[in-house]
Amino acid sequence: MSRRRATPAALLTAVLATTTACAGFGGASGSSGQTSIVVAVVSNPQMTDAISLADDFREAHPDIDVQFVSLPENESRAKITASVATGGGEFDVVMVSNYETAMWAENGWLVNLQPYADATEGYDTGDFIEPVRESLSYQGDMYSVPFYGESSFLVYREDLFDEAGLTMPEQPTWSDVRELAAAIEQAHPGMTGICLRGLAGWGENLAPLNTVINTFGGQWFDESWDAHLTSPDVREAVQFYVDLVRDHGQAGAATSGFADCATRYGQGRAAMWYDATSMVNVVESPNDSVTAGLNGYAPAPVVETDASGWLYTWSLGIPASSEHPDEAWEFVSWMTGPDYARLVGEELGWERVPPGSRRSTYEIPEYAEVAAEYADPTLDSMEAASQDNVMVNPVPYDGIQFLAIPEFQDLGTRVGQQISAAVAGQISVDSALEQSQRYAETVGESYQEAG
Amino acid sequence: MATVDIAAAGTADSAPAAPPRRRGSGLITSATWLIGVFFFFPVAWMVITAFKHEADATTDPPRLIFEPTLEQFRNLFDAGAGPYFLNSLMATGVSTLLVLALAVPAAYALAIRPVKRTQDVLFFFISTKMLPVVAVIVPIYVIAGRVNMLDNVWTLIVLYTAMNLPIAVWMMRSFLQEIPREVLEASEMDGATLRQTLTQVLLPMVAPGLAATALICVIFSWNEFFFAVNLTASTAATVPLFLVGFMTSEGLFWAQMAAAATLASLPVVLAGWAAQKQLVRGLSMGAIK
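Sequence lines, in order, name chains A and B.
Using my numbering, read the first sequence as starting at 1 and increasing by one per residue.
Using my numbering, read the second sequence as starting at 452 and increasing by one per residue.
These aren't lab readings, by the way, just hints derived from the structure by calculation.
We treat Cβ as the ideally placed atom computed from N, Cα and C, and that holds for glycine.
Check each hint, because a few of them may be wrong.
Coverage of chain A stretches by chain B, computed from C-beta distances (three or more under 8 angstroms per stretch; other residues unrestricted) [unchecked claim]: (1) 73 to 81; (2) 227 to 238; (3) 252 to 263.
Okay, chain B solo, but in the shape it has when bound (with noise of 0.2 angstroms):
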């Protein structure tokens, strides 16, 4: 989803560039275009498919012209969604909520007062994220069940917060690296304490960069398969897993899956739309440096 809108929002920054060089910008502006709709095209034909009959939906050559009807998405409500996205809800807002509270301070600390090991402690928090999930799923799941954790979304949430961590902690310090030294000194000078400091000046200019941090965390927590999958059962399943429920080795599935897929990506495309204009800017700020 994230990478539809910052297609989309780069076709939207490419055209104020046009003045100096027009025919060379005019061929950037198609070419962005182009490849807006190469990243776009997948998602729209996800939303198409969901509005097919089954049948409509494998033909072969694939059918643009067909009888729109609604009764995938009604299938959809029957099959009892809502449990599967409160669940996710609960796991992806609180976790990237803990994610924030613990990375803010974290990468405060690491990029405006470094100390000697600054440099291995980031390696630290990196290094924990090259170790494949695959590897630690049976230690995790057998501690689950020891603390009778199994099916609980609680363990998906400290799953998810310790998962993101050290991307937030990466991304946050990176984009307060940016903020001029002399807009703390001024603050300091006009004897503003550390707390307003943080929440009052630093917070508000670091803003876009929080904004793209959490929906990074809130894309990857809401999109997590593995662990839900190994560590859920009935009551705390995530999203993904309703998903995949429609995959079948006998019959057809592609329509309703494609419902079920277009409702599941729902709720990110709004979190992205919500905030697109600091998500661009605080992309780019990460990327340019």
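Chain A with its partners taken away, still in its complex shape (with noise of 0.2 angstroms):
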């Protein structure tokens, strides 16, 4: 009995001792004479273009290896914080936002730039557009450099519109959305009538609600401090959007962010869609969506502002930690330099550019007939994202759909809690807000407190 029993535990065991001698074998082959830089990233579809696409660099840089960590962005972010703040030294690369490039310039944890830049010909960082190159420096030089970018604006289905006898304005307000929603589910019913965040997550529900919070003439904080997440204006802000979403958005909201709208929204379930300028390249590609090339783009609706929307913009930095900033600098001005953008539109199609770094994107007559429909929105609505355009009142910080703080990971992923209980309908509006404004009245004491 006991011989029998002992095989395969004994199996198991010389199975485990076999795959371990191959993979000690495997992992001890190396590298020869390159040198090695490591590129951590966010794992979204254009990084991954930019992976595939990296043997074109290795060509021409025979002597940079160069190996990719790619993560989901929440683990991305806390990882490439981590190793950046402590000094880790993992990577040579990162992939930042305009969240993080000003924070980090000001502790000393990111390379300058700027004098790579213009040592390098061609490159041009004029040619990137301007806010976007403005959210990415720190005193007057670029920290990290964009590899695309995003404004926000509303998608609806123009065939659908057309056939209901609708029309959206050429710059709508809230209130034109509201109605629409209305009047689209009556035409037809079943069918969702604007698709919007409701997912907990300062990158996620808070995105769109800030945006309406700030042209409703609300803010997080005036200019000492004291949090105003309970005044008037806030509280109509984030009555009508959880009033929105809940009468005439999609079923589940509270669970659903940008990847569930996008599955909505290109399964022709939702006639209208809020959301970042890059979702064309879910909506409009044919693989991923029936309603390719049956969209109208408007820009991100208003209510006392003249303008609305957000900015946010993936780039690349270089650690100070890193011990080849030469070669990652050549690494960083291949994938963000201006001939990229061709380079994907030859290799892979020209609808998976990246969007909203460079004007002379916009420029390349192949991208401009692909992106016809979108490109003006798109850049207009880049354009037009700066503070002074989207806000009513002065703020102490940076940011539109953030607040360009640390604290605000934390603040805002809370705050975003509690939208979102109000979305599922667990909390009233008020209660969310009034304990939304503890939280904010903690942080905003800490920065009274430094005076």
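Reconstruct the complex from the two isolated chains, following the hints.
Listed below in structure tokens is the structure:
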């Protein structure tokens, strides 16, 4: 009995031992004479495209071996922050955004890229879209360079609107949007009027909601860091957003974010969707969306301001702890240089070109043709995206749909959870905002004490 | 994975118990089947989704009839899954062997030759599992950085060994306690040395327990994400990191992810299948006690 019993366990041990030996052998093989750089990116489709095109870089730079670490946004952000802040040194190039860049530059965590950019022939930082360039600069120098940028706008089903005899105003207001959502639901029962993010998170539901708060005249903090989340303007804005998504939004909105809305709109189950301009890569792709070619685009809806919308950009920076900043810049300048758009267009297709970073991209005839419907709305929204245009009151922080302060990741997520609970109908908007106000006051007080 | 095997095995086991009370056991059998199917459904759905096109994977209502494709698996191999699997095999295999090598002697001492403070020692072992991992990740990260061990698979091996050791000691101890003392006394009477008693008498008798312990360690290490995501980057990244690399906030990824998850669970399923017989006995041995 004992002998027979022992066999499978021994087999298992043997299998493990063998695979271990193999792994040890595989792991030992390394590089030869090349400088190896490690690039940390967020696993979005544009970055996946860049990874698949990296052989083009390797051919031009046989002495540089480039390796990628690709993680979802939250994990990537946490990991990159930990590594850069403690000088971990695992990465030579990191993907950051306009949320981190200026803060990290101030802390001395990022290499100043301006001298590199100025010394690189044909790189031309003046070609970057103005608000994007400014949002990645600290004291006039760029500390990260944009890979792609986005604002927000409203996509709608032109075919359904025509059928129902509805017209989208050139610059819609939020009450226009509510009426249109109601009208389209009447004309097409079963269709969702508008898809809006409800999923909790500072980068999820708070992004669109904050543009609504801004255009309603609300603000998180005034210039002396007093929290204003229970002010009448903020209350009205949040109540409007919650009512709109509950009355005319998608089912289960409290757990739906960008990806869910992309799926719903792409399957033709929603008539409008207010979200990032980068949505065009999904809704105009015939593989992912049945609505490709049927869409119209309108600027972000407004109330008290002339313009609205957000500004976000994924950019590349070099951590101060990198041991190979020169080689890292070679890679950064390849991925964000003026020729990259053409490379993507010719190798993978023009609809996959990363949008919203360089003006010259929009002058390439092939891209202009593919992007005829959405190029101008994208550029216009991005150019309008500065605090002066989209906010009523002055605020003590940078950022439009986020507050560029380190505490905002936590504060934003907590407030986002309250809003999500209100969208789900678990709590009232008033109690969500009262709780949010308490969180915000704690953060505000720390700034007031610091003077 | 283990859950599935146990559920399936439970079904098989319940059948022979039929003769005495036919109606009751029939009910139990169908209930077992129902629970088995209930547990297995998500796994089956994952495998089905892996063979779908991205657009078919997100339809509402879900589609059962579709045109199957191997596209997702091709993409996986193009994405370079190999190094991730090698790292995972290395971290899982070496740490499991280390755990067994350390846990068996410790459990032997605690079960067969207990001393006054044995209970305290046992409690000390298990108390190391009470601190949430997230509370110690910063010191671990900083120490690993200082000694140049970030992005190194041996860091994971050390951590996984430490992580699984307390559970392995507890499990092995409960298996060893079931060994009748008379057997050990008999082997002593026959003049066996300690080593002979251990390797020729004891180990064959606790083989099911050993297999169960090893498989638990393999599952825990293979699925471990938190240490891996924080302490590795490009060269030592393991399979769970390869998996989440497909998650994106922009665009569709379910079919791709399902294919990656199917591939990632295969080694554990195979290990479980190979040790199935031992495992069922081993797990129930601990449970009945």
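Check the structure against each numbered hint from earlier and tell me which ones fail, lowest number first. Result: hint 2 breaks, nothing else.
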